[in-house]
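The task is simple: from the sequences and hints, build the whole structure.
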Amino acid sequence: MMGMGALAGRLAQNVIAEGSRQLLKGQKPRMSDLLLTKENVSRVTDQLARMRGAAMKVGQLVSMDAGNLLPRELADILARLQDDAIRMPATQWSAILEKSWGADWQEQFSRFSFNPIAAASIGQVHEATDRSGRHMAIKIQYPGVAKSIDSDVANVVSLLKMSGLVPKSLDLEPLIVEARAQLHMEADYRHEGQQMRDYGAAVLSMDQADSFLLPEWFDELSTEQILCMSFLKGAPLASIPPGSLEASRVMSELFRLFFAELLCFGRVQTDPNLANFSYQSDTGKIILLDFGAVRTYAADFVKNYQAALEAATANDAVMLGDALQILGFFQGNINATNRSAVIDIFLMAAEPLRTSGLYDFGTSDLASRIQQRGMSISSDPQAWHTPPPDVLFLHRKMAGLYLMAARLAAKVDVSHIFKEAVQNPP
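Residue 1 is where the sequence shown starts when you use UniProt numbering, and the numbers rise one by one after that.
I should point out that these hints are in silico values taken from the structure, not numbers from a laboratory. Beta carbons are placed, not taken as given, at the ideal position from N, Cα and C, and that holds for glycine. Some clues are possibly wrong.
Beta-carbon label-pair distances, calculated as ranges [what the hints assert, rightly or not]: (1) Ser356 - Gly332: 31 to 41 angstroms; (2) Ala275 - Gln194: 19 to 29 angstroms; (3) Trp101 - Gly332: 24 to 34 angstroms; (4) Ser368 - Ala238: 39 to 49 angstroms; (5) Ala209 - Ala103: 19 to 29 angstroms; (6) Lys161 - Ser230: 27 to 37 angstroms; (7) Arg134 - Asp198: 46 to 56 angstroms; (8) Asp219 - Gly133: 36 to 46 angstroms; (9) Ser364 - Asp322: 23 to 33 angstroms; (10) Leu358 - Glu107: 24 to 34 angstroms; (11) Ile326 - Gly133: 49 to 59 angstroms; (12) Ser364 - Arg190: 36 to 46 angstroms; (13) Lys147 - Asn424: 24 to 34 angstroms; (14) Thr91 - Pro241: 36 to 46 angstroms.
In silico DSS-like links for lysine-lysine, alpha-carbon gap of 25 angstroms or less [stated by the list, open to error]: (15) Lys303 - Lys411; (16) Lys411 - Lys285; (17) Lys285 - Lys397; (18) Lys99 - Lys147.
Here is the structure:
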């Protein structure tokens with residue numbers, strides 16, 4: 001990567017300078033503190049921004065696996081990358097449309113917004129209406145994304161290691177392989193369109209289908225770099241008053257959808273952040289958006305994960321340990337203390353499923369308790385054996401739902417919803 005050598009030199013210079021300053025003050029410098037100075041973090045952030053898609057994917061996977069081992073600086077960098085969306089100039093995105101649709105592509109539309117209405121990690125979204133009156137959302141991929149995935153992922157990992165932003169004990173190789181695979185899949189917008197169609201058909205088969213809206217995929221206009229779908233107008237989920245009955249109803253429906261995804265569809269949308277949902281206050285419907293992170297689960301995996309959830313809801317640590325062993329949570333040489341700690345964390349995470357009646361996410365301190373328990377074993381690398389990607393993405397889904405429910409101060413009977421899904425599949 002251009003600039004990596006120069007960046008390494010600048011980081012080293014800053015480390016030496018900061019170390020010298022601390023020594024002159026009679027302080028004993030620590031390498032982690034020297035690396036993670038404000039100036040170094042700023043330089044690393046600027047470099048990662050040039051590989052935004054790969055940086056966000058690798059950071060996402062690392063944070064799912066290492067959790068509380070990560071320094072606050074990396075979380076801040078990822079948040080900044082999420083917020084600082086890059087916009088393509090009109091000359092760039094129009095060239096992409098012209099290449100796919102022809103020089104007269106504008107003739108197909110009665111209206112086309114030249115300013116994007118949203119931006120994602122590897123593309124941006126424009127609003128348009130075609131000559132037949134179809135109201136569309138058109139996602140256009142940044143040029144060169146697909147071709148640079150492998151090199152970008154390798155460079156991001158090198159940069160994170162160089163900067164000291166990831167623990168030395170963390171085994172990055174499985175995450176690198178998964179990051180590459182995920183990005184190649186997400187960079188194929190026709191694949192996302194097919195996922196949108198298939199996932200939508202599964203949602204429409206639910207008894208609660210009326211609670212949701214999904215965009216229609218316009219495959220005749222879509223390519224690997226262009227995703228065309230129907231435009232659905234809605235407000236952010238964050239616009240729902242926290243603690244309201246509506247907030248609790250919406251989150252109840254999203255938990256119901258999750259258990260249907262896992263136990264019935266075998267197809268889970270694994271990126272549950274607020275930006276991937278909208279809400280129509282007049283109809284009460286939840287709009288589901290962004291299907292690049294839909295992941296398919298084999299029947300055997302679903303059966304084993306359901307066994308783990310049922311053991312956790314029954315507070316049966318022995319049965320849960322057996323289920324987690326089958327799912328690949330433990331290395332063969334894990335000691336009893338670390339094994340017990342991992343089981344404890346899973347039991348904590350299942351608290352909403354085990355609680356009879358409404359679980360108040362707004363007042364719960366579950367996240368801090370899990371963090372404290374995780375920190376108690378963070379010094380032992382053996383405790384952080386990376387589970388299979390299928391497990392990591394499911395945990396990301398559940399953690400995301402918990403976070404959304406906490407932000408909306410929702411009260412949800414998760415236990416009843418889970419039991420209902422097991423006994424009477426939607």
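Hint by hint, here is what the structure shows:
Separated by about 37 angstroms at the C-beta atoms, serine 356 and glycine 332 satisfy the suggested range of 31 to 41 angstroms. Against the hinted window of 19 to 29 angstroms, the Cβ-Cβ separation of alanine 275 and glutamine 194 comes to about 22 angstroms, which satisfies the hint. Between tryptophan 101 and glycine 332 the Cβ separation comes to about 55 angstroms, which falls outside the hinted range of 24 to 34 angstroms. Separation of serine 368 from alanine 238 is about 22 angstroms and departs from the stated range, judged on CB atoms against 39 to 49 angstroms.
Remark: the range hint 19 to 29 angstroms for alanine 209 to alanine 103 is contradicted by a beta-carbon distance near 42 angstroms. For the pair lysine 161 and serine 230, the beta carbons lie near 43 angstroms from each other, so the given range of 27 to 37 angstroms is not met. About 21 angstroms separates the C-beta atoms of arginine 134 and aspartate 198, a value inconsistent with the hinted range of 46 to 56 angstroms. Look at aspartate 219 against glycine 133: about 19 angstroms separates their beta carbons, and that is not inside 36 to 46 angstroms.
For serine 364 and aspartate 322, the hinted distance range of 23 to 33 angstroms is satisfied, since their beta carbons lie about 28 angstroms from each other. For the pair leucine 358 and glutamate 107, the beta carbons lie near 55 angstroms from each other, so the given range of 24 to 34 angstroms is not met. A C-beta distance of roughly 53 angstroms is found between isoleucine 326 and glycine 133, which places it inside the suggested range of 49 to 59 angstroms. Taking 36 to 46 angstroms as the suggested C-beta distance range, the pair serine 364 and arginine 190 conforms, at roughly 41 angstroms.
Taken as a hint, the range 24 to 34 angstroms is violated for the pair lysine 147 and asparagine 424, whose Cβ atoms sit roughly 48 angstroms apart. In this structure, threonine 91 and proline 241 meet the distance hint of 36 to 46 angstroms, their C-beta atoms being roughly 43 angstroms apart. Note on lysine 303 and lysine 411: the hinted pairing is violated, with a Cα-Cα distance of about 28 angstroms set against a maximum of 25 angstroms. Distance restraint check for lysine 411 and lysine 285: the Cα-Cα separation of roughly 19 angstroms lies within the 25 angstroms cut-off, and the hinted pair is therefore satisfied.
The hinted pair formed by lysine 285 and lysine 397 meets the criterion: a straight-line CA distance of about 21 angstroms does not exceed 25 angstroms. A hinted pair counts as satisfied when its Cα atoms are at most 25 angstroms apart, and lysine 99 with lysine 147 qualifies at roughly 17 angstroms.
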